[in-house]
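Colleague: Sequence:
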Amino acid sequence: MPPLSRFIKDFIAGKAKADGKICIGESVSAVIQQKRLPSKRTDPGMFTLPIEIREVRIEHLMCDLGASINVLPYSVYQRLVGARLMKTKVVIQLADRSCISSVGVLENVIVKVHDFLYPTDFHVIRMSEAESAESSGVLLGRPFLRTAKTLIDVCEGTIYLDYHGEKYTFNIDVAMKKPLDVENLHSVDVFEPLKKDLTDQEISEAIMKFCQAKGSAGPSSTAQLASAEEALKEPNQPTDEEEKNPLPQAECPTKKLKKLPPGLKYAYLGENETLPVIINNQLTKEQEERLMEVLGRNKKAIGWTLSDLVGISPDLCMHHIRLEEGAKSHRDPQRKLNPNMQEEVMKEVLKLLSLWIIYSVADSEWVSPVHMVPKKSGIQVVTNMKNKLVPTRLVTGWRMCIDYRKPNTATKKDHFPLPFIDQMLERLAGKQYFSFLDGYSGYFQIYLDPEDQEKTTFTCPFGTYAYRRMSFGLCNAPETFQRCMMSIFSDLLEECIEIFMDDFTVYGDSFETCLHHLDIVMERCRSKSLVLNFEKCHFIVSEGIVLRHIVSERGIQVDQAKVDVIAKLPHPTN
1 MPPLSRFIKD FIAGKAKADG KICIGESVSA VIQQKRLPSK RTDPGMFTLP IEIREVRIEH
61 LMCDLGASIN VLPYSVYQRL VGARLMKTKV VIQLADRSCI SSVGVLENVI VKVHDFLYPT
121 DFHVIRMSEA ESAESSGVLL GRPFLRTAKT LIDVCEGTIY LDYHGEKYTF NIDVAMKKPL
181 DVENLHSVDV FEPLKKDLTD QEISEAIMKF CQAKGSAGPS STAQLASAEE ALKEPNQPTD
241 EEEKNPLPQA ECPTKKLKKL PPGLKYAYLG ENETLPVIIN NQLTKEQEER LMEVLGRNKK
301 AIGWTLSDLV GISPDLCMHH IRLEEGAKSH RDPQRKLNPN MQEEVMKEVL KLLSLWIIYS
361 VADSEWVSPV HMVPKKSGIQ VVTNMKNKLV PTRLVTGWRM CIDYRKPNTA TKKDHFPLPF
421 IDQMLERLAG KQYFSFLDGY SGYFQIYLDP EDQEKTTFTC PFGTYAYRRM SFGLCNAPET
481 FQRCMMSIFS DLLEECIEIF MDDFTVYGDS FETCLHHLDI VMERCRSKSL VLNFEKCHFI
541 VSEGIVLRHI VSERGIQVDQ AKVDVIAKLP HPTN
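When we follow full-length UniProt numbering, the leftmost residue of the sequence shown carries the number 1, and every step to the right adds one.
No lab work stands behind these hints, which were simulated from the structure alone. Accuracy of the hints is not assured; some may be wrong.
As the list claims (entries may be wrong) - In silico lysine to aspartate or glutamate, EDC-like type, Cα no more than 20 angstroms apart, as pairs:
no.	residue 1	residue 2
1	Lys406	Glu325
2	Lys528	Glu451
3	Lys406	Glu454
4	Lys375	Glu344
5	Lys351	Asp115
6	Lys347	Glu52
7	Lys300	Glu523
8	Lys265	Glu289
9	Lys412	Glu324
10	Lys112	Glu59
11	Lys167	Asp153
12	Lys431	Glu479
13	Lys87	Asp315
14	Lys258	Glu273
15	Lys431	Glu512
16	Lys300	Glu289
17	Lys406	Glu451
18	Lys265	Glu495
19	Lys285	Glu273
To be verified - Here are the simulated distance ranges between beta carbons:
no.	residue 1	residue 2	range
20	Asp162	Met486	26 to 36 angstroms
21	Glu348	Gly326	32 to 42 angstroms
22	Thr284	Arg554	35 to 45 angstroms
23	His516	Asp115	49 to 59 angstroms
All C-beta atoms, glycine included, are put in the ideal place defined by N, C-alpha and C.
Using the sequences and the hints given, assemble the complete structure.
Modeller: Pasting the structure below:
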């Protein structure tokens with residue numbers, strides 16, 4: 001019997017087994033497994049999202065799982081009014097292994113995708129115009145994709161975003177400008193969208209229409225108010241690059257300019273009658289040109305919209321909330337608001353979120369309720385139901401305030417003195433020229449200590465939020481603001497300027513002196529990032545109202561308009 005006969009016999013009988021692998025072809029494998037092979041697919045294209053950053057809309061922003069940072073071209077950064085770069089020494093390695101230095105970092109930028117808002121940090125880099133025009137010039141890396149809980153389905157060509165359980169599906173096939181399969185492509189007609197910057201009034205009207213359509217208190221409204229990241233740990237200084245390339249100034253608001261009293265007129269610092277300022281209409285042409293030269297040189301010290309507020313450096317002034325020892329925290333519930341009030345609250349919260357003045361808070365020891373205060377016109381005498389003349393103030397709207405009475409009670413009081421009004425008026429009386437200046441939302445220009453920010457938490461139908469900037473209604477806020485102004489203008493007080501809170505009065509015995517003093521004050525405001533309200537600033541005028549008194553070369557006079565209101569009041573009947 002051959003030597004292998006026993007082995008062959010055992011193998012046939014199943015007593016012996018041999019281990020090994022057999023390589024079979026693709027078609028044979030499919031027959032054996034009885035499964036169909038998946039069909040081959042083409043490239044689905046680049047996964048992009050349309051986003052909005054402040055007032056800038058970017059149609060195609062690439063989502064890149066290979067990027068560890070979010071990138072923004074410098075050309076796009078220049079379009080973000082009021083954005084400030086923070087210093088960084090980061091060196092970025094690109095896909096071709098080349099390295100490029102980051103110009104700076106934009107921190108806590110609110111990125112809007114659909115109706116969702118996400119906090120994001122962008123590294124700003126310089127690119128050529130051709131590169132920045134490409135959709136790959138701006139990209140969202142893994143930090144944003146993780147923040148938005150993004151799921152990318154390459155097969156279906158969809159991107160899923162999540163916000164607190166609410167999901168939004170974005171189909172890239174719909175958003176692509178051109179078809180993905182270009183094998184049989186002969187011609188392409190591309191229609192670019194009309195690019196237009198929305199004004200503040202148009203944005204407000206859009207929000208109003210959304211509130212009316214969706215309902216202010218509905219879940220879809222709440223979804224818009226996205227959770228922002230924690231407050232800035234320490235606001236940094238702008239980079240040297242920012243000083244070399246100043247930010248573009250905000251355009252003139254589209255709202256109708258108010259009618260001015262006699263002696264005043266509008267002049268314009270921008271082209272096509274933009275960036276208006278209010279000046280004396282009795283100045284000669286030469287005097288007006290010299291005044292406009294001073295104002296144009298210090299244009300950054302004047303604000304036309306809230307987005308112009310940069311914020312005074314915390315190194316100079318920062319508001320602190322120091323509580324009494326043993327003070328107990330309070331969490332008040334929200335108060336009921338009617339639909340009109342809810343509408344106003346939503347508009348205010350959205351505005352403050354977009355300006356980085358407030359941020360979302362999940363938990364806080366201190367929670368104060370929102371309180372709506374009616375906006376009233378001046379005192380008017382009207383006839384009541386009994387045909388009697390009675391004084392009244394008509395309600396023209398609503399203003400959102402925060403009821404900080406409980407945290408204010410537990411706060412240690414600041415006893416910084418305010419100036420005596422009578423002494424200040426005496427120093428102003430008899431001067432020939434004045435420039436009356438007013439801070440733009442003065443409190444919002446001062447940062448809050450990050451450790452105290454959660455003490456400003458307020459609750460409303462759309463969530464709980466805390467302030468990054470000093471809020472109206474806080475105890476010691478007037479003292480903090482006065483101390484800040486004194487530190488900025490300490491060497492100029494009683495020499496060329498008088499200050500009471502956010503009302504500044506620059507004066508001089510002649511046009512030359514007043515203009516020189518104004519130049520010094522405006523340059524100081526610009527260097528300290530103190531922004532003035534263009535609507536309330538009157539430059540180089542011969543008289544004006546200071547703390548309800550008229551000051552001029554003639555001295556101090558009472559405001560006749562206030563006297564007339566009192567004179568028209570009906571006599572008391574009981």
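Colleague: Kindly indicate which numbered hints from before are broken by the structure, ordering the numbers from low to high.
Modeller: The structure conflicts with hints 2, 12, 18, 20, 22, although it agrees with all the remaining ones.
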